[in-house]
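Colleague: The chain contents come next:
Protein chains: 2
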Amino acid sequence: MDIDQVQRAAVARFAQQGFAATGIRELGTAAGINSATLYHYVGSKHDLLVRIISECLKAMITGGREALSTAQTPTSQLAQLIAFHVAFTATNPQTARVAEYEMRALTPVSREEMQQLRDEYEALFTKVLTDGDKTGEFSTADLTMARLAVMEMGTGVAHWYRPHGRLSLEQVQQNFVAMAYRILAVRETAKPSNTPLPSAQQLPSEPTAQHVTQTVN
Amino acid sequence: MDIDQVQRAAVARFAQQGFAATGIRELGTAAGINSATLYHYVGSKHDLLVRIISECLKAMITGGREALSTAQTPTSQLAQLIAFHVAFTATNPQTARVAEYEMRALTPVSREEMQQLRDEYEALFTKVLTDGDKTGEFSTADLTMARLAVMEMGTGVAHWYRPHGRLSLEQVQQNFVAMAYRILAVRETAKPSNTPLPSAQQLPSEPTAQHVTQTVN
DNA sequence: TTGCGCCTATCAATCGATTGATTGACTTCC
DNA sequence: GGAAGTCAATCAATCGATTGATAGGCGCAA
Numbered sequence: 696m697d698i699d700q701v702q703r704a705a706v707a708r709f710a711q712q713g714f715a716a717t718g719i720r721e722l723g724t725a726a727g728i729n730s731a732t733l734y735h736y737v738g739s740k741h742d743l744l745v746r747i748i749s750e751c752l753k754a755m756i757t758g759g760r761e762a763l764s765t766a767q768t769p770t771s772q773l774a775q776l777i778a779f780h781v782a783f784t785a786t787n788p789q790t791a792r793v794a795e796y797e798m799r800a801l802t803p804v805s806r807e808e809m810q811q812l813r814d815e816y817e818a819l820f821t822k823v824l825t826d827g828d829k830t831g832e833f834s835t836a837d838l839t840m841a842r843l844a845v846m847e848m849g850t851g852v853a854h855w856y857r858p859h860g861r862l863s864l865e866q867v868q869q870n871f872v873a874m875a876y877r878i879l880a881v882r883e884t885a886k887p888s889n890t891p892l893p894s895a896q897q898l899p900s901e902p903t904a905q906h907v908t909q910t911v912n
Numbered sequence: 696m697d698i699d700q701v702q703r704a705a706v707a708r709f710a711q712q713g714f715a716a717t718g719i720r721e722l723g724t725a726a727g728i729n730s731a732t733l734y735h736y737v738g739s740k741h742d743l744l745v746r747i748i749s750e751c752l753k754a755m756i757t758g759g760r761e762a763l764s765t766a767q768t769p770t771s772q773l774a775q776l777i778a779f780h781v782a783f784t785a786t787n788p789q790t791a792r793v794a795e796y797e798m799r800a801l802t803p804v805s806r807e808e809m810q811q812l813r814d815e816y817e818a819l820f821t822k823v824l825t826d827g828d829k830t831g832e833f834s835t836a837d838l839t840m841a842r843l844a845v846m847e848m849g850t851g852v853a854h855w856y857r858p859h860g861r862l863s864l865e866q867v868q869q870n871f872v873a874m875a876y877r878i879l880a881v882r883e884t885a886k887p888s889n890t891p892l893p894s895a896q897q898l899p900s901e902p903t904a905q906h907v908t909q910t911v912n
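Protein chains in written order, with the numbering used here: chain A, 696 to 912; chain B, 696 to 912.
These are calculated hints, taken from the structure and not from any lab test. These numbers were taken from a predicted model, which means no experiment stands behind them. All the pointers check out, no bait thrown in.
A pair counts as met if it fits within one copy or between any two copies, since identical chains are not told apart.
Derived SDA-like pairs: lysine to any residue, alpha-carbon spacing no greater than 20 Å straight-line: (1) 822 to 877; (2) 740 to 718; (3) 753 to 896; (4) 753 to 806; (5) 740 to 712; (6) 753 to 809; (7) 740 to 716; (8) 886 to 834; (9) 740 to 715; (10) 753 to 812; (11) 740 to 802.
Take these sequences, add in the hints, and give me the full structure.
Modeller: Written as structure tokens, this is what we have:
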């Protein structure tokens, strides 16, 4: 038993029924351990949630920065950033959902810390959009609303994307980049051609079919 | 004391800390009544949630249909529908949030019923987009993804819109219609000019500053 | 007008069940 | 032998829900 298994079990339950609705005995059962053992790995139920959200947001920030660094112009940077955002959300839908929905379950102090990480991530989008607005590559009536719209529609991917569904991850990425380009009125000539889009690592906390709860034999 | 006050108090707490994290004694205190009295108005905590979500979704369906009926072409229908969606979300942010987040707290039977209402509302968007695609007014690589993106970015308005903020509701509506038009590549000549956009009624369940919890004098 | 019956609204007190968390003892492994 | 891992048992607190009782308003007959 290691802490990643505990986190995966927790994310699976938190994503499905929420933090408050999940008891520690249920968490233990899902992870295959006694509820008391859980406190040997994580300080408390709350600390467990902090770990999950913190690791998720930090991975998003790191991945977002990497995506930005692979491109030069705001136009191609936007493509990389959105493609990463979509990839991360589609690869870690349950963890991302917990990080989004359960912020309110945190203590005020922890929530403030996590909110700062969230702001840090959103700042990446703000920077790219502002840069592109200055160079004239982007055109929109309101930069803030454009950022909110672009981010929100990407986040929504977690609600419906399925690994073996009608659309491949790359198709979804390309389509969302295209929609963002349209929102920002990027000229056809400015669009990068055939640039490889970034993928996203699966977080240790993201539960998968391979990580099903171990039951008695 | 009437049932709307109970619902408003419940929505305020559910939106802030979630259904599972809110106790019935807390609900009673917020509504200014004893927890037992709450059972005189609503059958149970769960029934209260069902009422809230059901009334919200039914209002969305009704409002969405009305919005559609005021326009003829898919292009202007889309504007009306999106403008309503944004108006409803901005006018009833807390109720809308509860209806979105707390679906998972419902029993399987109730969740199925509410999901059907949700599907009914989403079908309005599907219909408009399909019609516009047939007439050639819209152009997109994937109709389903376009619908998901357009709806999701509109729903996100609940997260940041404030009645007396930088942007008026009408400005937000116009901007989101414009972004949707861009996503769907609506031609400039096809856009309706100066059409009045729909507003949305405030639900009886939506808590406002006028509905603050009554305290002892 | 008085008085009786009925209904709605309300609450203090309490129910059994469950919550998050802790303890002390037992096992396992180096 | 000591550190790490594990769990049954238990803690006080809180949970959703129910009980029996009270207060007040309304209609109606005497």
